[in-house]
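Model the full assembly from the supplied sequences, consistent with the hints where possible.
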Amino acid sequence: LLSTLLALEHLFKTDYDDGSLEQLLLSPHPSTALLLAKVVAHWLITGLILVLVSPLLGMLLHLPSQAYGVLALSLLLGTPTLSLIGAIGAGLTVGITNSGLLLSLLIIPLYIPVLIFGASAVHAAAVGLPHTGQLYFLAAALVFALCLAPFAIAAAIKVSLQ
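The numbering used here numbers the first residue of the sequence shown as 1259 and each following residue consecutively.
Pairs of lysine-lysine residues, derived as PhoX-like cross-links and limited to a Cα-Cα distance of at most 25 Å, are as follows:
{"#": "1", "residue 1": "Lys-1271", "residue 2": "Lys-1416"}
{"#": "2", "residue 1": "Lys-1296", "residue 2": "Lys-1271"}
{"#": "3", "residue 1": "Lys-1296", "residue 2": "Lys-1416"}
Since the hints were made in silico from the structure, they are not lab data.
It should be emphasised that the depicted structure is a prediction, and the values quoted were computed from it without experimental measurement.
Pasting the structure below:
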């Protein structure tokens, strides 16, 4: 959550500063697909690395071995959701200088369910309880975010540019 939140302020900021964000929206290609590509690139830089090193971090934190896979899977489902939700907030605050605090206030309440269900899945796996319900919620949240977030990001950026 924190690694995603730290990088969100600069997701669209440099493109906004040099004017390429306006050109991206004016291109003949669907703006939702182009903005989704930017979010996927953001996730590859911030989230995928965390997913790949999560078993090592689990070992360092003395997590039981049966929870390593659940930890990686919950991060694999949760971090793209965090990037998609965060991109909506980044799109809303792209035109504001020093928008980090406002972005945090907008996004953190939406991040809390993903954080709770991800941590709950890992805890349930660590103590030997069923954890599939939490993982199903994370998967549903990811599908929901993938379907709706690109349209919300495009709308947020269009509102911010006006």
